[in-house]
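Participant: For chain Y, the structure is supplied; the task is to place chain P on it using the hints.
These are the residues of each chain, in order.
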Amino acid sequence: MAGGETRSKINRRKFLAGAALAGAATAASDAASVHAAPFASDKAIAARPSVSRPSAAVAAAETGTPQVSVQPAGVPASDFMVDVIKSLDIPYLPCNPAQSFRGLHESLIDYGGNKKPEFLTCTHEEASVAMAHGYFKIAGKPLLVLCHGTVGLQHAAMAIYNAWCDRVPVMVMGGTDLDASKRPPGVPTFHSAQDICAIVRDFTKWDDQPVSVQHFAQSFVRAYKLAMTPPHEPVVLALDAELQEVTLHDRAKLTIPRYVPTSPPQGDLNAVREAARLLVGAEHPLIVADKAARTANGVKLLIELAEALQAPVIDQKGRMNFPNTHHLFQNARARTLLGEADVVLGLELSDYWGTVNGYIDNGENDGVGLQESHIKPDAKLISISSILLNTKSNYQDFQRLQVVDIEMAADAEATLPALIDAVKQAIPANRKSNIEARGAALQKVWSDARERTRQAAAFAWDASPISTARMAMEVYAQIKDLDWSSVGGDRQLSSWPSRLWPMDKHYRYIGGPGGYGIGYGAPAAVGAALANRDAGRFSVNFQPDGDIMYSPGVLWTAVRYRIPLLTVMHNNRGYHQEVMHVQRMANRRNRVAFLGNDLGPLGTRIENPPIDYARLAGSFGMWSAGPIADPKELAPALKKAVEVVKAGEPALVDVVTQPR
Amino acid sequence: MIMRWCVAMLSAFVLSQNPASAASAEHGKTVFMHSGCWQCHGTLGQGSIATSGGKRIAPDPLPWEAFSGFVRSSNRAMPPFSEKILSDADLADIYVYLQSVPKLPADIPLLK
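Sequence lines, in order, name chains Y and P.
Residue numbers 1 to 660, in our numbering, belong to the letters of the first sequence in order.
Residue numbers 1 to 112, in our numbering, belong to the letters of the second sequence in order.
In isolation and in its complexed conformation, chain Y is listed as follows (with noise of 0.2 Å):
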């Protein structure tokens, strides 16, 4: 690696007031040369030498030695910037660009040679920082992103509040210009800030805005090792233009801290062993999961305190905690498990209360609705979330208060083997054999419970537009024999693949976006299929039509980049969840929902004209098939489908279906 690089002593500042003038010179003359022809006869110009003799002073600057360097030693401050980046092996860095980081930028493909790093084109920010979004969850690695720090940050906010929401890091850095009196005037100052990051310091973990280099170099590795530390959240940095940009003659003084990992918080002993008790003594304990596998290791934990105590899971699938093949997992039952409950245990849930309460949205109450519990009044309940260390005031993420029995501030994952260590030493002899017919029950329950979700999915299978569950056994008949990963959230799609495929490794499941900002999917998918690629799996994502719309060009990033992906359209061809808002209102109010000429009240429907999904992928050079809305063309168009994702190339269908 480059680390003593010379350059030209001329900055930033000054190369532009050069380039201006240079170029008004130049324009000038173009100008003069322009207008003055019609005037000129052509004796007059073939007599005009075509070059002027030169002056003394410009005769002797171009022959003389010059009396100074103007290549003093020294390197860029933006390269050192790179050193840093470097240090953390970040792999990638989706990123639109923007003037405010072009130090950085350059520094990054020329002195980092492109590489952990590599830069990849994006079309909007919103779609960079869901692509991280999305690769950290199969990966667990945290990417980069670099955004303008004004307008790049005001498109990334959404994505940075699902990532918060969804409690995954990402590295964000916006560029910005702090010296009113030095930043060129215009467009770069439209784009500076005096406090860029103020737009998501609510959602975001921790920002700094460093005034040196030494400052960026702790102020990088503080937020990583934060960002890194659970519970996950995403970091910005704001960067300042000119910062990038100096040269530095002293790089050798500098500094670049070393990233040591941070230990994960732990439940209190005393805690744990006061929830094994509970657990152990409970004649229906509960275990209810939503963020909790981290990791597979977190996945293999919760079988081994779930089998210990044969107690039932419901996985909330905001990661793949459980798989759906072992008996223990129990999601068909979960309004009836929670009733019968005498101990529940949440481990990471967004929502405790949304868990053990009701809520009906009707109208009753002056329009609160009807709230009702779910669980026996004397149920205990146990939380263990890492939430609580970092929760904020504004955004109303962390939900309504749920009391509790006991409650660990703490993750998960880390607690669990003291808890599991805790429950096996809990058992008395004499529950060992409760404990074994308590499984043996919820093993044929579970059987019972497989065949009744067969049977569901059976009906409208021959249905056009096609039902979703085909769908999703369409494209299952295809990758069963794969390495699959589904990279999308299902719950829109009635949770079919989730409730049909065999969901036994971390990886076959990420969850959704966190704070259900439309607009995650395409991008997380892509950013998912792109953690996959390296690890040789095939990517599968059912994309909802109105959230591929808010950033389609995440489908040229991924023919940019060959990151396979098979995306199948589940094209409903509405904002579905808005159809159904609108009709209730207008129900409530006795009132005729007006439709127009769609199928749904004005405004929610995606259709007149429809969108061609196919010819929208297309245009970016993606192979693509469909509209398809008879259920046969499905399997010949998703069987060549598969063929070209496995080639290295996304695809994508586009399957016209049932609402959900």
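These are calculated hints, taken from the structure and not from any lab test.
None of these values were measured; they are calculated from a predicted model.
Now the stretches of chain Y that chain P is said to cover, found in silico as 3 or more residues with beta-carbon under 8 Å:
hint	stretch
1	352 to 362
2	471 to 480
3	579 to 588
Even glycine gets a Cβ: it sits at the ideal position worked out from N, Cα and C.
Facilitator: Showing chain P alone in chain Y's frame:
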């Protein structure tokens, strides 16, 4: 209520006895789509765990009394449909449509 029962019985009878039944089912499907029923129940009444609590309303809908009573007076997640929004005749045609939905295919290899 008696009138509704009569309408339903008549519709069911008509459906099974003569070509006019097809017209009722077809009209019922049109009303089913334009009144918003399909939004939560799917175009064939197959339902969804995401929108109807997993409940199906076809091909074997509830008895007419229970069906029509729920449509008119639901106070749960489904909003009620008053006669001002959905006439008795249209509701009866919807019922005929739901009865006309084909039964399950006998064998689906992909679900084995």
